[in-house]
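Each protein sequence line maps, in turn, to chains V and G. Going by my numbering, the residue at position 76 of the first sequence is 76; the numbering climbs one at a time, nothing skipped. Going by my numbering, the residue at position 150 of the second sequence is 150; the numbering climbs one at a time, nothing skipped.
Just so you know, these hints were derived from the structure itself, not from any lab. Values in this document were obtained by computation on a predicted structure and should not be read as measured data. Glycine is no exception: its CB is placed at the ideal position from the N, C-alpha and C atoms. Take these hints with a grain of salt, some might be off.
Some, not all, of what chain G presents toward chain V, calculated at C-beta under 7 Å [said to hold, decoys possible]:
1. Gln23
2. Gly24
3. Ser27
4. Pro29
5. Leu32
6. Asp33
7. Gly38
8. Gln103
9. Leu145
10. Arg175
Pairs of lysine-lysine residues, derived as BS3-like cross-links and limited to a Cα-Cα distance of at most 27 Å, are as follows [stated by the list, open to error]:
11. G/Lys180 with V/Lys84
12. V/Lys137 with G/Lys180
13. G/Lys180 with G/Lys95
14. V/Lys134 with G/Lys3
15. V/Lys123 with G/Lys39
16. V/Lys84 with V/Lys71
17. V/Lys132 with G/Lys39
18. V/Lys84 with G/Lys3
19. V/Lys134 with V/Lys123
20. G/Lys39 with G/Lys3
21. G/Lys89 with V/Lys84
22. V/Lys74 with G/Lys39
If you want the building blocks of each chain, they are given just below.
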Amino acid sequence: MKHLFVLLTLFITFSVFSAEDNFAFDTPAQRAQFLSLTAELRCPMCQNQNIADSDAMIAHDMRRKVYALLKEGKSETEVIDFMKARYGDFVHYQPPVTIATMWLWAAPVLFVIFALLFVVRRKSSAAPQDIKAKLAKADALLEQEKE
Amino acid sequence: MKKAPLVVIPLFLFSMLVIFLFQGLFSDPRELDSQVKGKPLPEFTLPDLMQPDTTYTPASLKGEVTIVNVWGVWCVTCAVEMPYLTQLKDELGVKFVGLYFDQDLDPDFGTKTLTRVQQEVTSMLRRYGNPYAFNIFDVYRDTSLDLGVTGAPEHFVLDANGVIRMHHIGDINERVWQNKVGPLYQQLVAEANGETGTDIDDTDIKDTGRVGE
């Protein structure tokens with residue numbers, strides 16, 4: 001039973017790493033850099049997969065390039081800029097803040113602000129009217145009951 | 001009076017949403033903005049596919065309007081467009097240059113020999129027609145990466161100065177040629193002819209203009 005368990009765990013680790021190429025790194029830090037980069041770079045061929053996840057040829061080649069660039073001593077930003085220079089902003093999962101993309105952040109905030117203003121204004125202006133109307137209705141009901 | 005915005009604002013927001021989503025129905029998520037358009041070819045020194053002793057650099061593609069076709073024998077769409085490209089070459093004299101890269105050839109392990117690749121290419125060109133003036137062999141697929149290639153087939157239209165004027169992803173068929181690639185090609189050919197024409201006629205004027213710059 002114990003042997004079976006050991007065997008099973010072996011198979012699990014194998015299947016996890018089977019999709020990866022074999023790269024040897026100088027330091028654990030470099031390996032961590034490689035893993036984070038391949039996770040945040042997007043495969044330009046496939047729809048919504050990062051290059052670590054994808055088995056497309058272009059993803060293979062990009063992983064190879066990321067590895068080569070890291071080995072050359074390039075920093076993470078340099079690798080990302082290298083890929084952006086070839087495949088555009090599309091290739092990075094973190095969009096840059098530009099006039100076109102700032103609405104991604106601004107729109108929800110603006111929406112909340114406008115909604116709050118709207119609610120506050122409506123409450124303050126509508127409340128007295130409401131009470132007056134309700135009082136009138138209550139009076140009318142009382143009148144009816146008296147009769 | 002007060003109720004008007006209450007009706008108009010949601011209606012406006014809703015119609016904006018509908019327009020946005022409706023556009024999404026027809027947009028192609030594979031369409032990417034090319035980063036190389038308007039730039040010269042990236043630096044490379046690559047061998048000829050058939051005669052590996054001959055090497056090419058970006059300078060080899062200057063002097064004539066050229067369409068660089070990224071392809072491989074493993075690519076089905078490439079085989080489909082090949083007869084039409086051959087027709088364009090024969091009828092209009094379009095100069096196609098192949099940028100060949102192989103899928104099976106692992107650059108790090110070399111599982112496939114060059115002879116084998118050449119055999120496959122020869123047999124495919126024999127079957128579907130050969131539109132290429134020559135084929136550049138992108139051995140390590142580095143140049144494809146530099147060009148922002150995501151797969152095959154892809155096309156780069158170069159003007160006579162070797163500057164990339166269009167990056168077309170996908171095949172060239174009759175519709176694409178008539179609507180997209182063809183007009184630009186004709187324009188670039190006219191530009192190239194015009195330039196040589198003015199060079200002869202107004203050499204002095206052009207030269208003084210350049211000195212001023």
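Checked hints:
1. Gln23: Nearest chain V Cβ about 15 Å off; hint violated.
2. Gly24: At 14 Å from the nearest chain V Cβ, G/Gly24 fails the 7 Å test, so the hint is violated.
3. Ser27: violated (13 Å)
4. Pro29: holds (6 Å)
5. Leu32: holds (6 Å)
6. Asp33: holds (5 Å)
7. Gly38: violated (14 Å)
8. Gln103: holds (6 Å)
9. Leu145: holds (6 Å)
10. Arg175: Constraint on G/Arg175 not satisfied, violated at 23 Å.
11. G/Lys180 with V/Lys84: holds (26 Å)
12. V/Lys137 with G/Lys180: Not satisfied, since the Cα-Cα distance of roughly 72 Å exceeds 27 Å.
13. G/Lys180 with G/Lys95: With a Cα-Cα distance of about 17 Å, the restraint between G/Lys180 and G/Lys95 holds, given a limit of 27 Å.
14. V/Lys134 with G/Lys3: Given pair V/Lys134, G/Lys3 holds - Cα atoms ~21 Å apart, limit 27 Å.
15. V/Lys123 with G/Lys39: violated (59 Å)
16. V/Lys84 with V/Lys71: The hint holds at about 19 Å.
17. V/Lys132 with G/Lys39: It is violated: about 72 Å lies between the C-alpha atoms, which goes past 27 Å.
18. V/Lys84 with G/Lys3: violated (49 Å)
19. V/Lys134 with V/Lys123: holds (16 Å)
20. G/Lys39 with G/Lys3: Violated, at about 56 Å.
21. G/Lys89 with V/Lys84: Roughly 35 Å between the alpha carbons, so the hint for G/Lys89 and V/Lys84 is violated.
22. V/Lys74 with G/Lys39: holds (25 Å)
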